[in-house]
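With chain B held as given, fit chains Y and S onto it using these hints.
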Amino acid sequence: MQSYEFYTAESVEDCLGYLFEKKEVCQVIAGGTDLIPGLRNESIRPTFVLNILEIESMRGVIENDDEIRIGPTTTFTEMIESEILNRTLPLLVEAAKYVGGPQIRNRGTIGGNIATASPAADVLPAVLALDGVLEIQSKQAGSRFLTLAKAIEAPYKIRLQPDEIITGILINKLPPGTRCGYEKLGRRNAMARARMNMSMVIHLDEKGTISDLRIVPGAVLPVAQRFQEAEKILLGKKPDPQLLETAAEALAEKILKITGIRWSTEYKLPVIKSIFKWVFNRLVFKN
Amino acid sequence: MKKRGIGVGSMFYGIGYGFSRQDISSATIEICEDGSVIVRSGEVDYGQGSDTIFCQIVAEELGVRYDSIQMITADTFTTPNAGPTSASRVTYVTGKAMMKAAQAVKKTLQSVAEETLGESDLVFKDEKVYSMANPDKNITFEKLAKQCHLRGLKIVETAWHDITTKDVDPETGQGKAYSTYAWASQIAEVEVDTETGKVEILRIIAAHDVGKAINPSNVEGQIEGGAIMGMGYALEEEIKQERGYIKNTSLGEYMIPTSLDVPSIESHIIEVPVSDGPYGAKGVGEPALIPTAPAILNAICNALDIRITELPANLENLHRLIREKEKGNQ
Amino acid sequence: MTKDKNKTLLRMKVNGKPLEVMVNPTWTLLRVLREELRLTGTKKGCEQGDCGLCTVILDGKAVNACLVLALQAESKEIETIEGLGKEDNLHPLQKSFIENGAVQCGFCTPGILMSAEALLRKNPKPSVDEIRIGISGNLCRCTGYSKIIKAINAVTKK
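Chains as they are written, first to last, in the working numbering: chain B, 1 to 287; chain Y, 1001 to 1330; chain S, 2001 to 2158.
Treat the hints with care, as some may be off.
[Stated by the list, open to error] Residues from chain B shown here face chain S by an in silico Cβ test under 10 Å; the list is partial: (1) Glu-5; (2) Gly-32; (3) Thr-33; (4) Ile-36; (5) Arg-40; (6) Ser-57; (7) Arg-59; (8) Thr-75; (9) Thr-77; (10) Glu-94; (11) Gly-101; (12) Pro-102; (13) Arg-105; (14) Leu-221; (15) Leu-243.
[Unchecked claim] Below, a list of computed lysine-lysine pairs in the DSSO-like style, where the Cα atoms sit at most 30 Å apart: (16) S:Lys-2061 <-> S:Lys-2043; (17) B:Lys-173 <-> B:Lys-22; (18) B:Lys-173 <-> B:Lys-150; (19) B:Lys-277 <-> Y:Lys-1154; (20) Y:Lys-1247 <-> B:Lys-157; (21) Y:Lys-1166 <-> B:Lys-257; (22) Y:Lys-1327 <-> B:Lys-257; (23) B:Lys-157 <-> B:Lys-139; (24) B:Lys-23 <-> S:Lys-2007; (25) S:Lys-2044 <-> Y:Lys-1247; (26) Y:Lys-1327 <-> B:Lys-277; (27) S:Lys-2007 <-> B:Lys-97; (28) Y:Lys-1325 <-> B:Lys-254; (29) Y:Lys-1128 <-> Y:Lys-1176; (30) B:Lys-173 <-> B:Lys-257; (31) B:Lys-97 <-> S:Lys-2044; (32) S:Lys-2007 <-> B:Lys-22; (33) S:Lys-2086 <-> Y:Lys-1240; (34) B:Lys-97 <-> S:Lys-2157; (35) S:Lys-2061 <-> Y:Lys-1212; (36) Y:Lys-1247 <-> B:Lys-277.
[Said to hold, decoys possible] Chain Y regions said to be covered by chain S (calculated; three or more residues, Cβ under 8 Å): (37) 1039-1048; (38) 1115-1127; (39) 1220-1226; (40) 1259-1269.
Quick caveat, the hints were computed from the structure, so don't treat them as lab data. Ideal Cβ positions, reconstructed from N, Cα and C, are used throughout, including at glycine.
The shape of chain B in the complex, shown without the other chains (with noise of 0.2 Å):
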C-alpha cells in the first residue's frame, strides 16, 4: 500500500531545505505526468513527495543579454506562449507543440521532461540541440552548473544528487540567421510516444557555407546526445546532396554502433536518416 508524506515548498530555500532532510527518499513533483502513473502502480515508493509547483521563481522564461533563462517548473504550454521563446528560441516552441495533448501540455514541465530522462523524450532532444546548460542547487554545495550533455548519465538518470534540484535551464541566443527545425514520428498525430524525434540547428554564412550545425536525432539511443561525427561531414561546406547523403550514413552508423542490432533496428535507421535529410533540406531551402 502506497504511502507518503506530501509537503508543497514556497521557495527554492524551503525546498532545498527539505531535500536535504529528506534526500533518497524523498520525491519531488512538478506536473506529475510521468510520475503520478508511477506512485499509482507503485514502481516508485517514496517516503515523501515534495510538490515544486508552487515556487514562483521556477517558472517562467527570462531573457538576458546574451542567455535566455527557463524555468523547471515551465509548462509546455507556457513554453508555447512565450512571446521570448517564440522570438528567440522557436526550436523549443516547435517541439513542446508535439508532446501529449492540450491537458498534458498543461502540466507537464521542461524540467520534468529532462528529469525523466525517458529515451523517447520530446523536449530534452531540442535543449540538448541548444547547448543547454542545466543551473543546479543544493542546500549544502550552492549553485552548479552542468550541460545538458553531461547530465544524462542513462536512461531514466539524470546526474542529480539526492539533496539536489534542477533550478534553471539556461540556452545562450542564437545569432541571428539562425535556423531551427524539429520533427517528430510518431503512431498517430496527438497522444504519441515518438517513434523518433530530430532537433537541428543550422546557421549558413553570407557565403552560404554551413557555420553551425547541430544535430540530436531522438528516441533513437537510451541517451540522446549530439551526432558531431554527422555534422563535422557537412561543417564548413555548402549544403550538397551527396554530403548530406554521407552525413546521414554516418548518422546511421553511429546508432547501430551504439545499440547494435534490434528488433526496431530495420526501421529505425533508414527511417531516421529521411527524416534528417528532410528536416536538413527544409531548413536550408526553406526561401
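Chains Y and S alone, transformed into the frame defined by chain B:
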C-alpha cells in the same frame, strides 16, 4: 515522398444472428389514463440511439408527441426480453416488435374511437384521432385514452417479432442464412509517406443502404464512428499477445485514432426499404466499419502498387513492404 | 477502513464553491472529485493521462484530474462538468452537442466539453484545425469526432 491513392471497399453483411440462431425480440406498450405512453423494452441503448428511434416509431404509429413517451429499458425485473444489442439487429428486430406493439395498442384505441366518433376511416396524428373524410369528427388522444379506461379497458400490449432463419444446408451451403443484408461501399483517399510508412487518411466517403433511416443523424453517427474504427483497425490498432497474455492493455499502447488523425467523412444514406423491417429499416452498426479497412488498403495499393494482406498496415509493416518492393524492382 | 491519521486538509474551490476535504496524500484530484465529493460527472478511464476522460479545468486550464495529486489542488479553482451547465440551463456547448448529435455513449462527453470550454475561453473563434488540436487529448470511440467538431464549431459561429 508522398504518394496519394484512392480505393474502394464494398461489403454486404447479414443483419441479426442468422443460421437458425434464435433471434427474437419483444416490446410492451401501455397507454395510461392521461394519454401518456409507457414503453418497456429489454433492449440496451448504449449510445447508438435505440431509445430514440423506439420513441419515434411509437409516436409515428400512435400520432403522439415523441417526447411524451416514457421509455423503460433494460430492467430485468420489468422489461420484456428484447435480445442483446448486437448483430446490428436492434432497429430491425426490436424496432419491428415496437411497431407491432404500437399497432396492437392502436387496434384497441381504434375500436373505441370508431364507436365514439361513428366513423371508421380514422387517422392517428398530431395527438388526435380524426376521420379522414370528416376531420371535424375527432377526439384528442388524451380523451380517447380516458374513454378506454372508463370502459375498463387496460390498454397494454406486448408484441413479439422473430427473425430466426431456417439455416443453410450443411452440404450445399444453400438456404436462408440471414433474414436480410445491409450493403455498403466506402471510398478512402490516402496519402502515404513512402519513407516513414505513415498513412494519412485525407477523406472517407461512405454510402450505406440502411433500408430506411428512421433517425438520419444517428445513422450518420454510426457511419462516422464505424469508419474511424475501421481506420484504426487498418492502420495502428493491434492486440499484441504473448503466450495468451495481452501485452498492450493500456490506452497509451493500444492506439485508437485521435481528433488529429481523422479525415472528414461524407456519409450518404441509401434507402432501399426491406419488407419486414420497421418502415423498411434494417441495420448499420457493424456495416459502418466493415468496408473501411478494405477501402484504405485498396487506396494504399493504388498509391504504391503494393497489396497488403496483413493488418495493421502500421509504420513498420508498411515500411517493410515498400522496401521489399523497391528491392524487387531493382 | 481508512486511517484518519494519514489525512491532510485540502482547501480548494470547486465550481465556484470553496470547500474543505480531508484527503490521503496518495489520492489524485480525480479520486477526490468522484469518491469524496460525489461529483461523478468527471469520468475515470485509464487513470494515466492517455484518454482525457477525467478532464477538468484547473485555474482556467484543461487538465487530466488523474494526473493531479489531490494536495496539488490546494487553493486552486476547479471546474467540473457539473459546473458547466444545469439540466434546466444548459451551456451553449451542451445544447450544441445535443442538437448536432455529438453524444453517443456519452462517456467521453464530459471531458470533451471541458476541453472545448477551456479552448473557447482562450480562443473564442478557433478554426476547425484549432478545435481538433483542442480536443486531441480526449479519446472518443463512438463518434469518430465528426459531430463533436461540428458541434463545437457551431458554437463558435454564433
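Against the structure, the hints:
1. Glu-5: holds, 7 Å
2. Gly-32: With Cβ-Cβ at 6 Å, under 10 Å, it holds.
3. Thr-33: At about 5 Å, which falls below the 10 Å cut-off, the nearest Cβ of chain S leaves the hint on Thr-33 (chain B) intact, so it holds.
4. Ile-36: holds, 5 Å
5. Arg-40: holds, 7 Å
6. Ser-57: The hint is violated - Ser-57 (chain B) has no Cβ within 10 Å of chain S, the shortest such distance being about 18 Å.
7. Arg-59: violated, 13 Å
8. Thr-75: This hint holds: Thr-75 (chain B) lies near chain S, its Cβ roughly 8 Å from the closest one there, short of 10 Å.
9. Thr-77: holds, 7 Å
10. Glu-94: violated, 14 Å
11. Gly-101: holds, 2 Å
12. Pro-102: holds, 5 Å
13. Arg-105: The hint holds - Arg-105 (chain B) has a Cβ within 10 Å of chain S, the shortest such distance being about 8 Å.
14. Leu-221: violated, 25 Å
15. Leu-243: Violated - the Cβ of Leu-243 (chain B) stays beyond 10 Å from chain S, reaching only about 37 Å at its closest.
16. S:Lys-2061 <-> S:Lys-2043: Roughly 18 Å between the alpha carbons, so the hint for Lys-2061 (chain S) and Lys-2043 (chain S) holds.
17. B:Lys-173 <-> B:Lys-22: violated, 37 Å
18. B:Lys-173 <-> B:Lys-150: Distance of about 20 Å is within 30 Å: holds.
19. B:Lys-277 <-> Y:Lys-1154: With Cα atoms ~80 Å apart, Lys-277 (chain B) and Lys-1154 (chain Y) exceed 30 Å; violated.
20. Y:Lys-1247 <-> B:Lys-157: Since the Cα atoms of Lys-1247 (chain Y) and Lys-157 (chain B) sit roughly 25 Å apart, the hinted pair holds (cutoff 30 Å).
21. Y:Lys-1166 <-> B:Lys-257: Violated, because 66 Å separates the two Cα atoms, which is more than 30 Å.
22. Y:Lys-1327 <-> B:Lys-257: Answer holds: Lys-1327 (chain Y) to Lys-257 (chain B) is near 25 Å, not above 30 Å.
23. B:Lys-157 <-> B:Lys-139: holds, 21 Å
24. B:Lys-23 <-> S:Lys-2007: Holds, at roughly 23 Å.
25. S:Lys-2044 <-> Y:Lys-1247: holds, 22 Å
26. Y:Lys-1327 <-> B:Lys-277: holds, 21 Å
27. S:Lys-2007 <-> B:Lys-97: Violated: Lys-2007 (chain S) and Lys-97 (chain B) sit about 38 Å apart, past 30 Å.
28. Y:Lys-1325 <-> B:Lys-254: holds, 27 Å
29. Y:Lys-1128 <-> Y:Lys-1176: violated, 43 Å
30. B:Lys-173 <-> B:Lys-257: At roughly 33 Å apart (the allowed maximum being 30 Å), Lys-257 (chain B) and Lys-173 (chain B) break the hint.
31. B:Lys-97 <-> S:Lys-2044: holds, 26 Å
32. S:Lys-2007 <-> B:Lys-22: holds, 20 Å
33. S:Lys-2086 <-> Y:Lys-1240: Distance ~43 Å between Lys-2086 (chain S) and Lys-1240 (chain Y) Cα, so the pair is violated.
34. B:Lys-97 <-> S:Lys-2157: holds, 26 Å
35. S:Lys-2061 <-> Y:Lys-1212: Outside the cut-off at roughly 44 Å; violated.
36. Y:Lys-1247 <-> B:Lys-277: At roughly 35 Å apart (the allowed maximum being 30 Å), Lys-277 (chain B) and Lys-1247 (chain Y) break the hint.
37. 1039-1048: holds (count 3)
38. 1115-1127: Since 0 is below three, the answer is violated.
39. 1220-1226: Our answer is that it holds, as 5 residues pass the Cβ test (under 8 Å) against chain S, meeting three.
40. 1259-1269: The restraint on the stretch 1259-1269 of chain Y holds, since 5 of its residues have a Cβ under 8 Å from chain S and three suffice.
Of the hints listed earlier, those the structure fails to meet are numbers 6, 7, 10, 14, 15, 17, 19, 21, 27, 29, 30, 33, 35, 36, 38, in rising order.
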